[in-house]
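Student: Here's the letter readout for the chains.
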Amino acid sequence: MIDSVGTRGLILNEPFLWERGGKGRTGYSLPRRDVPSVPLPDHLAGDGPDFPDLSEVEVVRHYTRLSTWNYGVDSGMYPLGSCTMKYNPKTNDRQASLTGFSGAHPLVPSELCQGALQLIYDLEHHLAHVAGLDAVSVQPSAGAQGELAGMLIFSAYHRDQGKPRSKILIPDTAHGTNPASAALCGYKAVPVETGPDGVLLPETVEALMDDDTAGIMVTNPNTLGLFETHIQAIADIIHAKDGLVYADGANMNAVMGVVDFGRAGVDVLHINLHKTFSTPHGGGGPGSGPVCVCKRLEPFLPVPRVVKTGESYALSEDFPKSIGKLHAFYGNFGIMVRAYSYMLSMGPKLKDVSQHAVLNANYIKEKLKDVYHLPFDVPCMHECVFTDKFLEAHKITTLDVAKRLIDYGFHPPTIYFPLVVHGAIMIEPTESESLENIDQFIATMRQIAQEAKENPSLLTEAPRNPKVRRMDETQAARKPCLRG
Amino acid sequence: MRYLSHTPKDIETMLQAVGVRDLDGLFSTIPDDCKRLDTLNIPELTEWELNDHMAGLAGQMVSSADYKMFAGAGSYQHYIPEVTRYLLSRSEFVTAYTPYQPEMSQGTLQGIFEYQTLVCRLLGMDVANASLYDGAMAVAEALLMAIRIGRRKNTVAVSSLVNPYYRKVVETYFAPTEFNIEWLPYREDGTTDLSGLGQIKDLAGVAVQSPNFFGCIEELAEAGKAIHDQDAIFITSFSEPLAYGLLKAPGDLDADIVCGEGQSLGIPQSFGGPGVGIFAAKQKYVRNLPGRLVGQTVDADGQRGFVLTLSTREQHIRREKATSNICSNQSLCAMAAGMYMAALGGTGFRELAALNHDKAEYLKSALQAAGLEIPFTSATFNEFVVKFPEGFDRQWQDLLQKKILAGIPMVCYYPELANHYLLCVTETRSKNDMDALVKEVQS
Chain A
1 MIDSVGTRGL ILNEPFLWER GGKGRTGYSL PRRDVPSVPL PDHLAGDGPD
51 FPDLSEVEVV RHYTRLSTWN YGVDSGMYPL GSCTMKYNPK TNDRQASLTG
101 FSGAHPLVPS ELCQGALQLI YDLEHHLAHV AGLDAVSVQP SAGAQGELAG
151 MLIFSAYHRD QGKPRSKILI PDTAHGTNPA SAALCGYKAV PVETGPDGVL
201 LPETVEALMD DDTAGIMVTN PNTLGLFETH IQAIADIIHA KDGLVYADGA
251 NMNAVMGVVD FGRAGVDVLH INLHKTFSTP HGGGGPGSGP VCVCKRLEPF
301 LPVPRVVKTG ESYALSEDFP KSIGKLHAFY GNFGIMVRAY SYMLSMGPKL
351 KDVSQHAVLN ANYIKEKLKD VYHLPFDVPC MHECVFTDKF LEAHKITTLD
401 VAKRLIDYGF HPPTIYFPLV VHGAIMIEPT ESESLENIDQ FIATMRQIAQ
451 EAKENPSLLT EAPRNPKVRR MDETQAARKP CLRG
Chain B
1 MRYLSHTPKD IETMLQAVGV RDLDGLFSTI PDDCKRLDTL NIPELTEWEL
51 NDHMAGLAGQ MVSSADYKMF AGAGSYQHYI PEVTRYLLSR SEFVTAYTPY
101 QPEMSQGTLQ GIFEYQTLVC RLLGMDVANA SLYDGAMAVA EALLMAIRIG
151 RRKNTVAVSS LVNPYYRKVV ETYFAPTEFN IEWLPYREDG TTDLSGLGQI
201 KDLAGVAVQS PNFFGCIEEL AEAGKAIHDQ DAIFITSFSE PLAYGLLKAP
251 GDLDADIVCG EGQSLGIPQS FGGPGVGIFA AKQKYVRNLP GRLVGQTVDA
301 DGQRGFVLTL STREQHIRRE KATSNICSNQ SLCAMAAGMY MAALGGTGFR
351 ELAALNHDKA EYLKSALQAA GLEIPFTSAT FNEFVVKFPE GFDRQWQDLL
401 QKKILAGIPM VCYYPELANH YLLCVTETRS KNDMDALVKE VQS
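Order-wise, the sequence lines are chains A and B. Heads up: the first sequence at position 51 corresponds to 51 in the working numbering, and the numbers run straight through without jumps. Heads up: the second sequence at position 105 corresponds to 105 in the working numbering, and the numbers run straight through without jumps.
Keep in mind that the hints were calculated from the coordinates and are not lab data. A hint or two may mislead.
Cβ pair distances, simulated, as ranges [what the hints assert, rightly or not]: (1) B:A17 x A:P164: 46 to 54 Å; (2) B:D32 x A:S110: 42 to 50 Å; (3) A:P15 x B:G196: 47 to 55 Å.
Note that the coordinates shown come from a computational prediction; the quantities given were computed from them, not determined experimentally. Where a beta carbon is used, it is the ideal one built from N, C-alpha and C, also for glycine.
Pulled out of the complex, with its shape left as it was, chain B reads as follows (with noise of 0.2 Å):
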């Protein structure tokens, strides 16, 4: 097997050394009722056979690079540079181990630092962490954070147009707890209403997510106040973090916790993960931030370098009073992130952002004038809910025969929401593929 190195000799001669017969003589602390009665029974392919088998595989996949995908909903589309993928492929940063032993991994240190720092700048904070798994879990663990800062506060609100699989996660989260989540419901322009916040006791904490499940970009200014007024936690969430090369930047909007997926800056959709959850704060909860941060400091000569650090924050320190039980984080992805926003640059990300957002006005205000309906009236960026007339489901299943992905179905998220369909358009949907999607819809 080419990717062991022991030959007989050598296994013969490192057993003599070890003073053990052969190598199941190793194993003889282990007592025989825990041993396995069989052999494992696992396919043993070449290397030519793997690449047959697993192209069978991938060729059962409907990937982005033959469909008109109009699909979000938390993973997009967008064109990955291939200085990002070639430069993410150094084995350099690929095969390293947390950067426990600094010396030996400035690289990743100083490119988490980078990731770090240009999140805090896209979403005006003041500290950003080194990645959590993913959105859904950095908004549990936001939530978490506002009831450790709330003290004695148990209960946090959500707006019920976060993402539904990231309240699922919430929910998850929290069942083993003795804390309470509220739903928020949405008003009818496609935006979180706030209006009964007044009414809930205890309130630590209260999420919103913007651009929103629908698309729809919440008022974060009246937002923040409303949940300032009672004392509580202000959090944002998003899932698309390309809509802040054009929106006014969270932090600017006194948000105190922004986290999200952040998928979207040059990682590959990979049917939903890794992606990578970014999670920045204000700069007084700094000491309750979940997961790893890297610091700069100076080594014994006075040289720049990069270390992890507050880690009296964390499991391998804390234990069970840690902030959370995050360990492996995401690392390489936000290695990834960090090189796409640096190969965008300020300009480019903001021109990308605009891109994204007029070619969605551009299907919206065509989908309308063949008479279809956006529910909706928010703005938003490069997603928005279309109501399509009874017994579209059937004309939708017809267009995947065709290569269209026409939107993600809301019905299964929102009951009240049938014959709606979430549709997405980002810079890699060509203004042939909108009209040819618009020539199929219109009644």
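Chain A extracted, bound-state conformation (with noise of 0.2 Å):
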């Protein structure tokens, strides 16, 4: 019997927020009124909303108890693929608390924010440098919508030329972002498949490419893992029909330090702030997805753009071929914050989290490869990618054991993504677990395995020991239930 980080625990139940309170409590210390009251013209005016009264300590209590039934990074190991579920270090959050920052507002003239502007100007300068690309906006405020940058710039760049496309080509292993984010730019996907050894191969991608095809959108390295070891020549193809190479930087964290983008043939970059440079998720968000770019496509980033002169710095407009605006203001600025106090935190030791991150991948896959199928054995990035192969015998899938892993105190690996493979177990432990926590994971994940044989209804009924058990998702689905 291994040693569990899992255990039982007194688990306190919290109704509904409106199950709580009494009309004309507060929780809430009002402004003194120092004006007359007005009454608004009758036909304007409601009755208020309809929202229960708490007091002060009930509402304390209620997310209180409700912050027990979830599972963070500072909880414990987090090793959820493709989602880079590092540490998040308490002085990030510091420096976004500042008042200067938290209580700018956005609007006041460039002389009275010139600290803000400095922090996105110099944000902008070290990310473009860790990308090895020209020039960087940040305005978008997450992932996906840095792919919508990248294709929106794809576009308005074909569109310059004279030349507007019709399709791009996505690979098969890509995040649903991808496709989603091409379509809303009205490009038509053309999918791509991975070759034998779960890299994308150059002529699959020239028989696709034509004059009508704006380019491609690899994730390097790929949601196998993998580097996309062909990325240049791919490049090559594209850029010989005028098309553009977009590179989906999810997985950044692999790399920094390592690879140079721009030597790698890569245009577009869109890089994720809440995952390699350690901003919290915050339960799917706030994050930041900056856009990087190529020299020549400078000119259609996102406006406003920070500009220095002399030693201070403006925000400008001017750049007519811009793709135009894609948030209110500039973006999650709090989020930025955090992101640039990490990097001026690391330095150059931005490159020591890479290579940590792709170690500690590299050690789980070996040292779980004889329990767990592994389709790709090659050295791998910063994550490795399992399947339920070895444990279909005993009609035990990849949701069994995530779901184990839970009673052992683990919060589960990515599952049943990449697509491409069956039933896979994708593993990202990042560089913020040490090889403690490591081998205890992998001592876990063993366990799971020997269990699966003799004893498989604990993986089948797990998990057991959190608030609730497995849920009924297609009861959701089916009689929607999305309010109280």
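Starting from two chains that each stand alone, build the complex the way the hints lay out.
Tutor: Put into structure tokens, the structure is as follows:
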């Protein structure tokens, strides 16, 4: 029996907000009224929202109890593939909450917001440097909006050349956001099949690339955790037909200080600050998805852009070829502060981050490949992908393994993605985990593989330890109950 | 480095297990011509040095803490109760991923389910999603949704009194499509002129904002009739949701989609982001909604619980046919909004809204009494337009020296509105602040 992080504990129930409280209570200190009351015209006035009234104590208990039903990176290892659940440094939150930043109105004259403008300017330059590209806009609010920015830039570039195009090549390993973002720009997604070794082959791309294809969207390292070794040859094929190469940088955490995306032939790349640059995921956002481009695409970046003249910074809209605005103001600035703070805390050691992240993934791959099927037994980058093939004989699936990991106190890996691998188990340990944690995770995964043979009901009935057990997702979708 | 645990000995052990000689050897699959030729050139600061550096940058910012801000225009200074800030820093919420594993994410899921519920109750709508990026993107998504619902109709109309920045984002989202946008003019009273709707062909949806960019409250009941008469989707947006503490809920006025920015609900202004894109609709359009939805269900033992649901609309399942490309949203900001609404409660929310309205009315009357013109006569909530005398721009600059930001100049958005400024008054402005402003600007 292994030592388990997961254990039993007292879990407190908590009703809905509206099942608590009593009319007339409040959890808020209302400002003093120093002006007379003026009624609104009758036909405009409503009755006010039907919210419950709770005291401050009730609000605190409510959300504190809810929080104990959650699991975060601060709770333990979160090896969710492609999501880069690394540690979120606490100093980053401190910097973002400095009054000068958190209390800043976005429309003050530029001489009154030099600090924020400098931060954006420097962050964009540091990101460009890490990516190996020439210019960056941090305006996109998340990875998917960074992709959209990239596709809008493709579209604007070809329109500017007088030759709009209608198709885009997207590998079958891509995140679903890639085709969805391309579709928003009116592109028809043309799937590109991955080669037998888990990477794209130039000849496959060559056969599909034509004068009506805007280019290709490549995730590199790809979602199998492999570096696209032919990226340069593929870029040459695309460029020969005046197409553009987009790299989804969701997996940038593997290659900082190692890869130069400009040299690799990439024209546009988006980065997820909430993955590689340590800003917290917040249970699904806010993130930030800066878009990085090569010199010739710089005129198309979103506006406004921060420009520097002498020692002063200003916002400029004077980029006539720009794709326009993606956010009401400048993007998720609070997230930018955190990422900037992380970059300055790491400096050149960002390369160590990638080295440790890749080391951890390869270590796990080696230590588990005798008990879990490894479809591509080659050196991986920051994540490794197994399948449930060895467990099929015991009627155990990837989902069962994931749920059993919960009982042992680990967040499960990403499962059933990428789609090209049947029953995928995608493990991304990140650089944050110590050797002891990783060894414990490995021991747990091995124990689960053993249980699958000897006592499969431990898996099929998992999880037993958390507040709730497996959820009825079919009922949720068939009879949607989306509000109380 | 304190964020990395491996000692040289750990690294040695692991490299041996992997069968690679050194750390560089881990990158052997990367072709040399893709590799960097230089080392990373980014400064590395200690925690102490970082604090100094960031204090230096933050110190070059004018913050709402020490200026008297009369500026709104889509970003509002409201008092954030300590309880919201405190609860929002619970790392179980902050450091969790999207709740794909519901058994380990019930805290986020119930919190977002409650957020969806409170949003529906505030706006009088049937369903709300788990959030979009911001108010601007929410309006763009609403218009695209109207086109999906309208099927063959390819035109939308948008009020010129929708926040100008939101309109810019709408243009960006529509630029690569074959859909048309018609801009609706405004009337003398500061509300949208819908009289031309009948002339627009293939009209899928119409978006108005209330309170609109002039701060004026639109006659949504009339607008709804005019828009539905054209068989179009009635979209109403907002940048100041606190107004719905006082106003009739748009859902009660037959709005099909209600969307906008929720920054006012307990989220710091933070130089414009992150805020939260609120998005709600009538039940019959639920399968057309963009973004994530949390739904209630039961677990294997029949206990109440929550999951992400109706995901067949979304990109990870539907790929290029998804209702939107959104994946990560603004979840933690939605939690903040939920906590804020919970802390205020229905009674507190209404009182706070009334206070915002009444303070703005106080300043409006005082400015009028001081001889200034209020050009738009429609009722307003906590913002309104003032016409100052020719040459006021110089005094506006002088007031900045006195740490007063006397509104946002309108001429950059509406060239015809020279000398017009949009002033905002929230609960954070005292009568004294307002009296001081009036004293400065009276002729």
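Student: Which numbered hints are broken by the structure, listed smallest first?
Tutor: Failing hints: none at all.
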